[in-house]
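Q: Each chain is listed here by its residues.
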Amino acid sequence: MTLNRKTAPDVAKSGPALATDHLTKRFGARIAFSDVSFEVGHGEVFGFLGPNGAGKTTTMRTLGTLLTPTSGSATVAGLPLTPGNEVEIRRRIAVMPEAPGLYLRLTVAENLECFAGLYEAPDPGERISRALQAVKLTDRAGDPCGSLSKGLRQRVALARALLSDPQVLFLDEPTSGLDPVAARDVHELIDDLRQRGVTIFLSTHRLEEAERLCDRVAILNTTLRTIGRPDELRERLFAKTLTVRTLAPLADPDRLFGGLPAVNGWRPDGPGGYVVTVDDPAVAAPAVTRALVQAGADVLSIGSSQHSLEDVYLELVNQDAELEANHP
Amino acid sequence: MTVSRTRIRAIFRKELREFRRNRQIIASMAVFPLFFTVYPIVEIFALPSSSASALAQRQPLVYMLGIPALVPAAIAAYSIAGERQQGTLEPVLTTPIRAEELLLGKALAVLVPALAVSYGVFGIFVAAIELLAQPAVTAAVLHGPEVLAQLVFTPLIAALSIWVAIAISTRSNDTRVAQQLSILASLPTIVVTTTIAVGGLRATIHVAAAFFVLLLIMDSLGWRVVSPLMNRERLITGTKS
Numbered sequence: 001m002t003l004n005r006k007t008a009p010d011v012a013k014s015g016p017a018l019a020t021d022h023l024t025k026r027f028g029a030r031i032a033f034s035d036v037s038f039e040v041g042h043g044e045v046f047g048f049l050g051p052n053g054a055g056k057t058t059t060m061r062t063l064g065t066l067l068t069p070t071s072g073s074a075t076v077a078g079l080p081l082t083p084g085n086e087v088e089i090r091r092r093i094a095v096m097p098e099a100p101g102l103y104l105r106l107t108v109a110e111n112l113e114c115f116a117g118l119y120e121a122p123d124p125g126e127r128i129s130r131a132l133q134a135v136k137l138t139d140r141a142g143d144p145c146g147s148l149s150k151g152l153r154q155r156v157a158l159a160r161a162l163l164s165d166p167q168v169l170f171l172d173e174p175t176s177g178l179d180p181v182a183a184r185d186v187h188e189l190i191d192d193l194r195q196r197g198v199t200i201f202l203s204t205h206r207l208e209e210a211e212r213l214c215d216r217v218a219i220l221n222t223t224l225r226t227i228g229r230p231d232e233l234r235e236r237l238f239a240k241t242l243t244v245r246t247l248a249p250l251a252d253p254d255r256l257f258g259g260l261p262a263v264n265g266w267r268p269d270g271p272g273g274y275v276v277t278v279d280d281p282a283v284a285a286p287a288v289t290r291a292l293v294q295a296g297a298d299v300l301s302i303g304s305s306q307h308s309l310e311d312v313y314l315e316l317v318n319q320d321a322e323l324e325a326n327h328p
Numbered sequence: 329m330t331v332s333r334t335r336i337r338a339i340f341r342k343e344l345r346e347f348r349r350n351r352q353i354i355a356s357m358a359v360f361p362l363f364f365t366v367y368p369i370v371e372i373f374a375l376p377s378s379s380a381s382a383l384a385q386r387q388p389l390v391y392m393l394g395i396p397a398l399v400p401a402a403i404a405a406y407s408i409a410g411e412r413q414q415g416t417l418e419p420v421l422t423t424p425i426r427a428e429e430l431l432l433g434k435a436l437a438v439l440v441p442a443l444a445v446s447y448g449v450f451g452i453f454v455a456a457i458e459l460l461a462q463p464a465v466t467a468a469v470l471h472g473p474e475v476l477a478q479l480v481f482t483p484l485i486a487a488l489s490i491w492v493a494i495a496i497s498t499r500s501n502d503t504r505v506a507q508q509l510s511i512l513a514s515l516p517t518i519v520v521t522t523t524i525a526v527g528g529l530r531a532t533i534h535v536a537a538a539f540f541v542l543l544l545i546m547d548s549l550g551w552r553v554v555s556p557l558m559n560r561e562r563l564i565t566g567t568k569s
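First to last, the sequence lines map onto chains A and B. If you read the first sequence in my numbering, its first letter stands for residue 1, the second for the next number, and so on. If you read the second sequence in my numbering, its first letter stands for residue 329, the second for the next number, and so on.
These are computed hints drawn from the structure, not numbers from a lab. Heads up, a few of these hints could be off.
[What the hints assert, rightly or not] Chain B is faced by these chain A residues, among others (derived, beta-carbon under 10 Å):
hint, residue
1, 58
2, 67
3, 68
4, 87
5, 88
6, 89
7, 91
8, 94
9, 99
10, 102
11, 106
12, 116
13, 144
[Stated by the list, open to error] Derived CB-CB ranges, DEER-like:
hint, chain 1, residue 1, chain 2, residue 2, range
14, A, 323, B, 344, 50 to 58 Å
15, A, 191, B, 413, 34 to 42 Å
16, B, 532, A, 147, 55 to 63 Å
Every residue, glycine too, gets a C-beta built ideally from N, C-alpha and C.
Construct all of the structure, not just a fragment, from the sequences and the given hints.
A: Now the structure itself:
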């Protein structure tokens, strides 16, 4: 599978923070993910999307040195992913799994104290205090984690991931189950980490979250289906169109739209509605408007069609589902 | 390979804090020693001086070595299965901790309370006999060599129980199942100590030396066998890479 391996602007400057080359993981005969190649630049927020069972978590666990790849190679935080480098890689990264995985009988501070010890953090008290401040939980330090809400537990898990000042932070569904306010706090924190140059590998189901936060996204469905900036993916997958609405149906839309050089084609979209395929909406829209007015049409609206990352995602996943249905 | 004391200490402290707040573990630490002390104490108190000569033919103190076999088995069974059950294993394994450090931290966190309970209960038992039993019975029960055996064999038996229970715990997803299997696995030790205690087998200095060497070998083998079971992929997915 050939992929557009577009890299973030600073990859060339300092080498990738994260890179995989034909990375594959199998469990016996079952393929978890296959032939995955991409690069992530330093300070980049990289979204990793895909349906359930696509291999996102397994990829993350492999890059986090929990699982050994079956074939292919990877570089994590500047180090080749080899058994000899595993401890050093784990020193440079932090992983926040989907489930917070807190010791519920221990307090927030005791949980963080344990992990500060595991990272051999110098001045653990200061680190813990900074991490708690970052997630706005300083006043809950003495509370047992079992008494916290799901959102607060997620924030403790995030604080735990920040303890080691990681170069690369792996976040697996960090806002899963959070209310909008708590999710916004997490988004702000991710933005803040980006400002500080932390590379973030974000696995998420929330496409609007990926669109808002990520410099680039990759869509995985066992194999990597696509990779690029969200706007690039939209352009790559969908033709540019104008959506036109008129008060009454046009008498001869074929002659009207067909006579315009900026228009490539058109199709009806309900009574008085037309979807017009164009090369450049900015050039085509004034020409289409003029033509409609000259034809005496009462124009209700004319606008460029917007495709979201969700449309891209659904298009690719549906393509895979159709392929699977045709070749079971 | 160098191990980090800081990381071992982090696991050790965390484990002790968890044990202290886990009713299931507190109950395990309390129930087994009670079982092993109440019945023999009541029996010995009830004995008249005339039965001292018969008692002298047995080695009842050895019975108490069942405590270091059972208590650590019940606690150590929780170590990995418990983490897996509450979803805390994966975050720990993503830190720089080595498998050996995790194993040592967990083993020490079980060994320390197990030794404290075993020696503590033995001390209470000896004190109770000294104070409350008939003097002839006391003289028949409390022998210097058996007291020494208790001190020497307690850590060796506890360590063996810990390795076996952690090995079981690495392969189990359920703490109760892990506890039951670990207790089952410690039964051979109980059978041996009970057989000696009731006079079925005379523990001479040679028998004691043989058990000492056997336990030392099994303890060092236990470390070698359990270390590979702490493979990250095996712990996370249940299969080895």
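Q: It remains to establish, for every hint, whether it holds in the given structure.
A: Do the hints match the structure? See the list:
no.	hint	in the structure
1	58	holds (9 Å)
2	67	holds (5 Å)
3	68	holds (4 Å)
4	87	holds (5 Å)
5	88	holds (8 Å)
6	89	holds (9 Å)
7	91	holds (5 Å)
8	94	holds (7 Å)
9	99	holds (4 Å)
10	102	holds (7 Å)
11	106	holds (6 Å)
12	116	holds (8 Å)
13	144	holds (8 Å)
14	A:323 - B:344: 50 to 58 Å	holds (55 Å)
15	A:191 - B:413: 34 to 42 Å	holds (35 Å)
16	B:532 - A:147: 55 to 63 Å	holds (57 Å)
Checked against the numbered hints above, the structure breaks none of them.
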